[in-house]
Amino acid sequence: MIVCVAVVGHQNNPLYLQSFTEADDALKLHHIVHCSLDVIEERVNNPKKSGPTLNETFLGLLYPTENYKVYGYLTNTKVKFILVTTDLEVRDADVRSFFRRFHAAYVDAVSNPFHVPGKKINSKTFAARVSSIVKTFGSGAA
Amino acid sequence: MQATNLPREDCDRSMEEYPEELRTPPISLVSLVGCPEHHSTISKFLHSEQPPINTLALPDFSKISIFSRKLKDPLDAGGHPPGGILKRDWLLKHRTRIPAVAAALFSAEQVTGDPAQWQQVCTDLDNIKVVRGRNMKFVVVLVQKNASDDLSEDHVNALRKRAELDSKHVIVFLQNDATELRQSLKRLAGLFAELCNTYYRDEGRRIKIRMERKNVGHAELIIRYCYKARSFCFSLFVPPFSFECQVAAYAEFRRDWIEALRYYEDAYNTNLEIIGITRRLPAMQRLTEIKAVAEQLHFKLSTLLLQGGKVTEAVAWFQKHVKNYKKLVGAPEVTFLHWEWFSRQYLVFAELLERNAEAIPDSHPSQVASSECCLIEWELQPAYYYGVLTFLTIICSLSDAEYARFVIAEGQRFQDLYEIIALFRRSSESFNSLHALRTAAYGNQRMAREYFSAGDWRNAKQLLEGVADLYRREGWVTLLWEALGYLRECSRNLGSLKDFVHCSIEMAALPIFSDSRLEAPDVKREYGPAGPPTLSQRETIQQEIFSVCKGHISDQSIELIKADDQPLILDIDLVSPLRMAFLTSVTFHNQTIKPGETTYITVSILSQLPHPVEIDQLEIQFNQSNCNFKIVSGEQEFYVVPKPETRDVRIESTPSLIVTNNNWLRMAFEIGSELLALWYTYILHGLGQSGKLECMSVIVMIGRHLTLCCRAESPASLEGLPLWKFENVMENFPTKDPVLSFSGQKYIQVEEPDPLVDLTLSAPSPALVGENFIVPVFVVSKGHAIHSAELKINLVDARGGGMLMSPRDTESFSLDSHHVELLSVSGVNDDSSTSSDDIRKIQQSFGVVSVPFIDIGQAWSCQLTIKWNSPKSIMLYVSLGYVPVPTETNFLRVNVHRSLQIEGKIPFTIAHRFMMPFRREPLLLTKIKASTPADQKMQLPVDETSILIVSARNCSEIPLRLISVSIEPGDNPVAECSCTIMQSGSASTGPVVIVPGEEFKQVFAVIPQVDSPNLDIGEILVKWVRVSDLKQNENSVVITKQFLPRVFVEKPLLVASLDCPAHAVLGVPFSFFVKVQNKTSLLQEIKYSVGDSQSFVFTGPHSNSSFILPKSELVISYKLVPVASGLQNLPSVSLISVRYSTRMDPSLAATAVFVYPADPRFHFGKNSKLLSASGELENLDFKLVQGVSD
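Heads up: the protein sequence lines correspond to chains A and B, in order.
When you line the first sequence up against the UniProt record's numbering, it's residues 1 to 142, in that order.
When you line the second sequence up against the UniProt record's numbering, it's residues 1 to 1190, in that order.
Don't take each hint at face value.
Said to hold, decoys possible - These stretches of chain A come out as covered by chain B in the derived footprint (C-beta under 8 Å, 3 or more residues):
| no. | segment |
| --- | --- |
| 1 | 114–121 |
| 2 | 129–138 |
Stated by the list, open to error - In silico negatives: residues of chain A with every beta carbon more than 10 Å from chain B:
| no. | residue |
| --- | --- |
| 3 | Val39 |
| 4 | Asn76 |
| 5 | Arg96 |
| 6 | Asp108 |
| 7 | Val110 |
Keep in mind that the hints were calculated from the coordinates and are not lab data.
The C-beta atom is built at its ideal place from N, Cα and C for all residues, glycine as well.
Sequences are here, hints too, so could you generate the full structure?
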């Protein structure tokens, strides 16, 4: 189950962060997303280690925490998408598919002429769309 | 874990808790019996072998019985259920008590000695044989003093037989010779190592066979035997334990790592399988036991893998291990035991990783990349495990309820706390070294939370400040909110009101990261003491803090308000987070101001605080304190405490001083009256002629206690709020005028006051070269009295270049090097030049004169006299510097500048021309030669009259009155006597006005008297005045001079002249003479011819030649009768000098004569007489020449 998705701007500032958990651990998810930026930074700065993920937007599994697995995605504009899931077994294809759809949703959201680039995303449509993407995660729907 | 004060050491010890035999690879054990004097030598040598061998030295054979005093081998226990899984000291026993090889040392004397000794040897051997039932290997060592000692083959064989050994197990040890000793030791060590290997392998095999043979009903045994087997490859866990374990241990003893690993894996897996199967112990203990075993097995596995450099496999094993046991929490009462155990797994693994660090990260990137289990690099870093571990430790320690149930004392709680902190610190340090700052900050933040819960506010605060800074920088407001919440409580508990207010205001002004769930109740624990970041929470915080500042003391804050109620001053600079709460912008409406003028200043305040803030007083501070002013709300009677230093600060009032959320509070005030004073201050301090008035800060006073000192910012350089720039909020401008919002500055340039004096320059017309050109200067005071003024005059070339003298020009104007000169300045008070303070310096292009005191309304004027030496266009700069108010210093100076461009023009262009007299033609030798054209000098005949025509054309734009044109001999005194110049015609008729473009001509007769190739005739002087000047000033006559070029004077050879009447009458005959004078002392031959003419008939020779005697004259005469009237040409005469081969033809003009049809009559006025046509031709020459030349 996805517990949290986040959009982080190119200055490493949060643009959108939504948790999907009933427990009151929203703050912890903030911390996890924030910490995962370290991994993204390291990946980006040391592309050698990433090997096959060079020039690829999907960054793969960033790091597993005690309860979660964190996946990352880096767009060309240095906007990061971060996914936190509790699933222990995650299919790579599912995550890729998720990020692809999420990216599409993000592009639509920031293409709104009333959206100022670099500001937080407050669009309700975006939130709804993200929720639906999150709900279908892992169900094989691509 | 006693080291509460030394958390690092505390942690480092976690792995040390494992027994030595578990942490280090097993070491073979050999026992030495007898000959104790050699034990130390042998032990030392064996220990230094690779791999080392430990020795168990027994001084004499009586001690040998300890080997035999052993328990019944559990392997024989058959069907009895085992008492446990692993035996606690099995491994230790095999390391320290049960040797693989027993070596009996006998000295050669004992063997070869008397029967009693032999008997003893036999007894000892028997004893050992009893022990050997344990499969222990046995060696007999014969110690010989040196090789020459006689040790018969019989003796050795006897001994061997007695000991029932192969011959190779009986060796000789030579002790005396050094090389021999070393060889013996090596031999011994080789034998021991071989036997040890055999022993452990046999043991392992034995257990394996037993495993396979026996019923494996007791899974525990399997694990133990696996363990044993691998340890034999080395270690020992005896009683109710699994075979696999033992096999593995034996394998390890044998240093057969791969086999050991395999057996350990088997043991581990079996151990895992027996969970839920075995019923041997009560559940709780059973689980504990299983976990303990798993821990040991896993530790062994990890150690082996890591030492083998197989990091990836080790991590994978660890993940598997964690996955297997994570959920085996066990009974709820002992959850903490599980977490303690579980966290220890992480800690130990992290430490193991750290120890093997050199084998880890970068050395095997390919391994990582190719690994199928998709390991993340981070998982190869110990830091990661520390991080996770700390989390686990918290799970266990924060569950106070569980602890209470187990009567965990407060002290123990403390120990846990410090353990956790130590782990966090270690985790943070590790992450920091990896440049994972955010993760490190998370660790710090959690560490701070531990400190916080322990009441160590100072440490907590220190850590949180660093953490908050990171979140602030990256805009993670929710995390920042949490950190600030803790910080706020720390400050409250530390009694630091300033920090408390600082945190509170910042929190109240923080943007909220919208997440609707945050409003849910009971989230206190998750969000720390500040609660969730919501708008209502922000409002609460703001209300609380401002009520404190206004003196309303609430219960919570009561301890913060000290009795001395010192006002609290917070500085808000450009990087302060409190800019969100109070952002101040100050703009002057103009960029410059002059003393006496007024302008407006707009003070704007923006606040992101959720509630409107009522400001009690604002103070605007400038870099000039006398410009400062205060702003109070008009509706409010604010008491101003009269302090001695606040002399009379201006107080402005404004209708409202309430700042609402995200809305600029704009206030405009007039400013300016103080600026004159400011300006004076600047000047008196010698800071220059103008100054900058800059707004430094805006001081916001809220209540009696809180003063915020905000740095004023210019709208032009106003930076957005770092945290709010990501928010979708309305942006509005600090000023009403949008232009000012983008370009407004918080400073204004104070300039010098405008001069209230008129300075006028007027030039009547273009200046003419040579004249004294007058430029009047008028100074009229129009509001400023003029004190100690001076006038500076500067002449500058209008085309640039500054100086009116170029290097190139200096050559041609070497005498008067300046094209334009300032001659004098004449003022009304010319006579006062004697006064001491009068300045009068005049140079060619620069002048300074002092100007007398001029009162308001009065005027003064002076005249500049400028002379042009060559036609130049110049700029005349005149500046008047004066002091409007008499002061002691001279700094307060006002300057007026004027400039005027003046063209310098040439008045007359003077030209001249030499001619010969009419119908007279001297033959000059130089003309005949027609020498080099470069020498274009005019040639004049000596003692002959030459005609000089001088023309002066007015080339200026104004009419000029020409007074005279004359030729002066110039400076050369010789010229006077060498040449006679006469002005021909009548005397001058007085000044003539020459309009622009008109030309005036004057004729001179020049008679050179000296035969000179380079005769200076003199210079032309043209005297003129401007038409307007004539009546006013006779001195204004200007003389324009021009030198005549030098001439070549020589004696003529021949002079030919025509002589005929001025006019003729039709049909009336007249004489025509051609005269040729021979001026030389040579006989000259002349050929002449006369052509026919249709107008005349004549008598005389058509062509002839004749000789002329020296200094005599030839006259050829003709008689002509005109046959046509009008201007007719005489018959053309051609003269050829034979000697010079030169033709001397008179010009066509010279042969023209007018033929009247009848005899004319002329009337010349009253006194005139009739001039007959035939009269006085000579006197008319000049006039005719003039007429002809026109």
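Tested hints:
no.: 1; hint: 114–121; result: holds (count 4)
no.: 2; hint: 129–138; result: violated (count 0)
no.: 3; hint: Val39; result: violated (7 Å)
no.: 4; hint: Asn76; result: holds (20 Å)
no.: 5; hint: Arg96; result: holds (14 Å)
no.: 6; hint: Asp108; result: holds (17 Å)
no.: 7; hint: Val110; result: holds (13 Å)
Checked against the numbered hints above, the structure breaks hints 2, 3 and satisfies the rest.
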